[in-house]
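**Q** Sequence:
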Amino acid sequence: FHFKCDQGIKNLMADQAGDLGGADPDYAMRDLYNNIAQGNNPSWTLKIQVMTYEEAEKFRWNPFDLTKIWPQGEFPLIPVGKMVLNRNPKNYFAEVEQIAFSPAHMIPGVEASPDKMLQGRLFSYSDTHRHRLGSNYLQIP
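full-length UniProt numbering puts the first residue of the sequence shown at 1, with every later residue one more than the last.
Please keep in mind that the hints were generated in silico from the structure rather than gathered at the bench.
Model, not experiment: these values are computed from the prediction.
You may find that some hints are simply not true.
[To be verified] Okay, derived cross-link-like pairs now, DSS-like style, lysine-lysine, Cα gap no bigger than 30 Å in a straight line:
#	residue 1	residue 2
1	K47	K10
2	K90	K68
3	K82	K68
4	K47	K4
5	K4	K68
6	K90	K10
7	K58	K4
8	K47	K58
9	K58	K116
10	K58	K10
11	K10	K116
12	K4	K116
13	K68	K116
14	K58	K68
15	K82	K10
16	K90	K58
17	K68	K10
18	K90	K116
19	K4	K90
[Unchecked claim] Simulated DEER-style distance windows between Cβ atoms:
#	residue 1	residue 2	range
20	S113	G39	19 to 25 Å
21	K47	Y27	26 to 32 Å
22	L77	L12	23 to 29 Å
23	E111	N91	31 to 37 Å
24	N86	L66	18 to 24 Å
25	T52	G21	43 to 49 Å
Cβ atoms here follow ideal geometry from the backbone N, Cα and C, with glycine treated the same way.
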């Protein structure tokens with residue numbers, strides 16, 4: 001999965017980044033919040049790469065190795081969706097502090113890959129949610 005920024009990328013110079021990191025560490029968060037509040041809704045296009053089971057079995061390296069990147073010439077990025085941030089949270093605690101994303105929550109037709117890191121996360125995220133949000137974390141809307 002790749003989220004590609006639709007706004008483009010603008011980097012800071014090293015000295016500017018150092019100054020902001022020391023003097024204003026909330027700069028990026030405030031910039032995001034203010035842009036959303038002003039209606040400049042930031043968005044990212046979700047793109048995927050697809051490999052068949054047969055291609056995976058014959059591929060020159062383990063395609064589930066997290067240290068490797070699939071070549072886009074062989075497996076082009078396919079746009080499948082868009083994430084748009086169109087409002088700021090109204091209730092920070094309920095909408096941000098209680099978020100419990102999990103890679104185990106999948107839609108029908110999508111299954112986990114044999115990636116060892118993902119397999120570990122499928123197990124560990126619910127444990128982390130119980131610790132952070134309490135034993136009734138599954139009842140949080």
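**Q** Against this structure, judge whether each hint is valid.
**A** Hints and how they fare:
As the CA atoms of K47 and K10 are separated by approximately 21 Å, the hinted pair is consistent with the 30 Å bound. With a CA separation close to 40 Å, the supplied pair K90 and K68 exceeds the 30 Å bound. The suggested pairing of K82 with K68 holds, with an alpha-carbon distance near 25 Å, which does not exceed 30 Å. Distance hint between K47 and K4 is fulfilled; the C-alpha atoms sit about 7 Å from each other, no more than 30 Å.
Using a Cα cut-off of 30 Å, the hinted pair K4 and K68 holds, with the two alpha carbons roughly 19 Å apart. Between the alpha carbons of K90 and K10 the distance comes to roughly 29 Å, so the proposed pair stays at or under 30 Å and holds. For the suggested pair K58 and K4, the alpha carbons sit about 29 Å apart, so the restraint of at most 30 Å is met. Distance restraint check for K47 and K58: the Cα-Cα separation of roughly 24 Å lies within the 30 Å cut-off, and the hinted pair is therefore satisfied.
For a cut-off of 30 Å, the pair hint linking K58 to K116 stands: about 19 Å separates their Cα positions. For a cut-off of 30 Å, the pair hint linking K58 to K10 is broken: about 39 Å separates their Cα positions. About 34 Å separates the Cα atoms of K10 and K116, which puts this hinted pair outside 30 Å; it is violated. For the suggested pair K4 and K116, the alpha carbons sit about 25 Å apart, so the restraint of at most 30 Å is met.
With a CA separation close to 14 Å, the supplied pair K68 and K116 stays within the 30 Å bound. Note on K58 and K68: the hinted pairing holds, with a Cα-Cα distance of about 16 Å set against a maximum of 30 Å. Taking the CA atoms of K82 and K10, the gap is about 20 Å. The hint holds against a cut of 30 Å. Pair hint K90 plus K58 does not hold up; C-alpha atoms about 50 Å apart against a cutoff of 30 Å.
Our distance criterion of 30 Å between C-alpha atoms is met by K68 and K10, whose separation comes to about 26 Å. With a C-alpha separation of about 38 Å, the suggested pair K90 and K116 falls outside the 30 Å cut-off, and the hint is violated. Among the hinted pairs, K4 with K90 is consistent with the structure: their alpha-carbon atoms are about 27 Å apart, no more than 30 Å. For S113 and G39, the hinted distance range of 19 to 25 Å is not satisfied, since their beta carbons lie about 38 Å from each other.
Between K47 and Y27 the Cβ separation comes to about 28 Å, which falls inside the hinted range of 26 to 32 Å. Here the CB-CB span from L77 to L12 is close to 27 Å, well matched to the stated 23 to 29 Å. Under the hint 31 to 37 Å, the C-beta atoms of E111 and N91, about 34 Å apart, fit the expected range. Remark: the range hint 18 to 24 Å for N86 to L66 is contradicted by a beta-carbon distance near 32 Å.
Remark: the range hint 43 to 49 Å for T52 to G21 is upheld by a beta-carbon distance near 44 Å.
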